[in-house]
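Student: Could you build the full structure based on these sequences and the hints that come with them?
So the chains spell out like this:
Protein chains: 2
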Amino acid sequence: MARPMALATLVHPTGYHTASWLHPQANAQASTSIEHYAGIARLAERGLFDLFFVADTPAARTENLTAFSRMPLFMNVFEPLTLLSALSGMTRHIGLGGTASTSFGEPYTMARQFASLDHLSGGRAAWNVVTSANDYAARNFGLDRLPPHAERYARARECVDLVKRLWNSWEDDAFIRDRAAGLFFDPAKQHAVHHEGTHFRLQGALNIARPPQGHPVIIQAGASETGRDFAAQTAEVVFASETSPGDGRRFYTDLKGRMERHNRDPDSLKILAGMPVLVAESAQEAEDMHAELQALIHPEVGVARLSMDLEADLSGLDLDAPVPEERIPQKARFHQAYFDHIVGMIRNERLTLRQLYMRYERGNRTVRGTPTTVADIMEEWFTGGACDGFMLMFNLLPRDLKGFVDSVVPELQRRGLMRENYAGRTLRENLGLFRPPHPAAG
Amino acid sequence: MARPMALATLVHPTGYHTASWLHPQANAQASTSIEHYAGIARLAERGLFDLFFVADTPAARTENLTAFSRMPLFMNVFEPLTLLSALSGMTRHIGLGGTASTSFGEPYTMARQFASLDHLSGGRAAWNVVTSANDYAARNFGLDRLPPHAERYARARECVDLVKRLWNSWEDDAFIRDRAAGLFFDPAKQHAVHHEGTHFRLQGALNIARPPQGHPVIIQAGASETGRDFAAQTAEVVFASETSPGDGRRFYTDLKGRMERHNRDPDSLKILAGMPVLVAESAQEAEDMHAELQALIHPEVGVARLSMDLEADLSGLDLDAPVPEERIPQKARFHQAYFDHIVGMIRNERLTLRQLYMRYERGNRTVRGTPTTVADIMEEWFTGGACDGFMLMFNLLPRDLKGFVDSVVPELQRRGLMRENYAGRTLRENLGLFRPPHPAAG
Ligand SMILES: Cc1cc2nc3c(=O)[nH]c(=O)nc-3n(C[C@H](O)[C@H](O)[C@H](O)COP(=O)(O)O)c2cc1C
Ligand SMILES: Cc1cc2nc3c(=O)[nH]c(=O)nc-3n(C[C@H](O)[C@H](O)[C@H](O)COP(=O)(O)O)c2cc1C
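Protein chains in written order, with my numbering: chain A, 21 to 462; chain B, 21 to 462.
Do not rely on the hints blindly, as some may be mistaken.
[As the list claims (entries may be wrong)] Derived list of chain B stretches under chain A, where covered just means 3 residues or more per stretch with a C-beta under 8 Å from a C-beta of chain A: (1) 95–102; (2) 216–226; (3) 370–378; (4) 438–446.
Worth flagging that the hints you see were computed from the coordinates, not collected in a lab.
Cβ coordinates follow ideal geometry from the N, Cα and C atoms, glycine included.
Tutor: Right under this line is the structure:
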């Protein structure tokens, strides 16, 4: 077969749907239960997923707490690197991807921890490089507010470049462990880094061997112009958030097109379409399952989520009337695409506030139906050149992942779109990404 | 029985002895083999050890590489938090302690990662708080050199205080997960931290529930006046490095005496005497095993280790003559106790350079002999009021740990000095440390 589709899943503890934690089948303790996460990772591994992925924000909300208590995203979760390290010993094949922000951390520590995870997992680590998008995280790191978008990306560029150089501190065969000569490493194969940049200064070498993958897989999900350029330059996996195959194709062509400027082969970057999916035995059952979760959304949550992404306070407004024009800010500070999407809905569709938040709820655009329907839609995206694979979100975990693994995966295999077993040992090999050679290697 | 002795072990990949990696029984791949570490942790767990501990320096040497290739300490190792997280799923009872320096990291991230480890392990995390002691680590974090001793400890105090407050971001029962009311947490039970200090600024709450242990166990190993005061104020476990029961008793009395000033019960701090041990069936066999490793020390290594701790370059000197007085610096910048110890040996004993480094090699003071001999010495320290337990170092791993677990542990149990099984679920419970109540708890 041609290259099989890549499959990743974004794992929020009880599921992707804001109200999932309220569902009777949800595990109330999920967010700090390693057994729960291990079950999900093993299930995804049974389904031959390439990547188990966790998002992150290094902060808990401290305001508007009643609303956030109704949608407890990131309020009580494992830290990604520690979580993925624990999972490395509980899984064998699946890639382990986590988010870390370049706006707050130290490059040496990030390089070290991801390299360590790559060694622990035998070459299955991936780093989702984000610049963060809120002030309340910034305040946990000595800042009053998040630096402007352009500055964050400049820092991200410098950080990723530095981290990659740190991963190359040693050539692949530097640690010779030659007992006869009494040399643990070949001194000529260390390449210390000397960096004097705008955001970072560093002189030294990483204290761990070059990662099994050469370097952990770099993921990016930037949607802005700057974000896309950054991805074209450095990312090996991109999570896309387009919602139609047409938009997906345009994004795909645009992003792969940008890579030439950076002398990169378009095949060295895999674009995974973000897609919430829900499969059931019948179309009606899928609708019912979907409606059941939608009905659990508390109005306060719906309004708060909208407020967050519109960057405006919509509380206190009539739920059954449209959002007044004067409540809409002039421009987005944090996330342009979310902002534009909401403003578009308000201006073009004249929805009531309630209709707006139900429509905006991220579970709402769930691709749903029978295994055949879901496989059809995935096939259309994949063979139509809109993606190299999918970043799937499951509204309720582990239920919806299990349904997918048991029914859609075999269907995709029958169609020759998915492999029958893990082809490689490392995440890179499974994704069909080349292993970056060490710059000093002949 | 009275409180049983606490047992910890400091794990360097192939063992504590500088030359251990050269031994035919050493696992050449040890330093990045999780199976190797897991084997050691499980073995220690079989021996009912309280704590598996890894030291750390966030840096690799970049100078004098031939010498360091002959003693590859910290040149190629897992990062502690990722390593311990992986081990959390591979062990059930033993505490997992790791070193992190307060001189370079972000308190929010340190608080988060140790809290996450505590949740992953069901309450088995411990943090060895160090201020680091070399310039080459500082250069990985944007500094030209390490800040002065007093400043490092001031920063450490502020950091530990802030981290503890972050661990108290939520009351123990904050996450009510009340589906009927639709509230995941009780908003009144979040206690956000507002901190404007000398070294750190932070406004926010940790995004993980209060750790199972209330907070992870705080370890310290400061030897200086400032270090001891800091330990008396905040540590719950202290690694001592005295080498005779008399000195041990003096240190013990001094440190526990300092606690009163901080209104702390002496029993809330456990002092573990650092002790390299080697057990064999006969005294002669133990001597032979010891000599075998000592003979593997390369002169370049012996001299480099001395140079490091004397903070002077001793290379090029005649190995069979005493160290000339003019090579001795006026005072130590990094580690006063090591410095004083070496200067004392040079001035008082007139050893040759070769004798000096053989004597100074940390494996040299290994307590060794039959199970009875080793148990006798431990009993003398323990019952004589020189310690609450031991931080044991094994020169060759897993060999020497296995010998200890198989022979000395049963002997200590027969003498009523060690328990027969793990008494508690958490590290705190096993050590007999109380769980810190949340400040807001009635
Ligand atoms: C699937 C997916 C996962 C993401 N995960 C995170 C995350 O974990 N943390 C984060 O701060 N941002 C995350 N983002 C946001 C992106 O990193 C990025 O900031 C956003 O798409 C806006 O693009 P821009 O940064 O180019 O403006 C994610 C986006 C997508 C589509
Ligand atoms: C058993 C033991 C383990 C130690 N582990 C570390 C370590 O992992 N990293 C480190 O930088 N220092 C470590 N130290 C050094 C101490 O933290 C401390 O810096 C040293 O004892 C000097 O004391 P002072 O800081 O009060 O001057 C250790 C010391 C002992 C006795």
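Student: Going back to the hint list, which numbers does this structure go against?
Tutor: 3, 4
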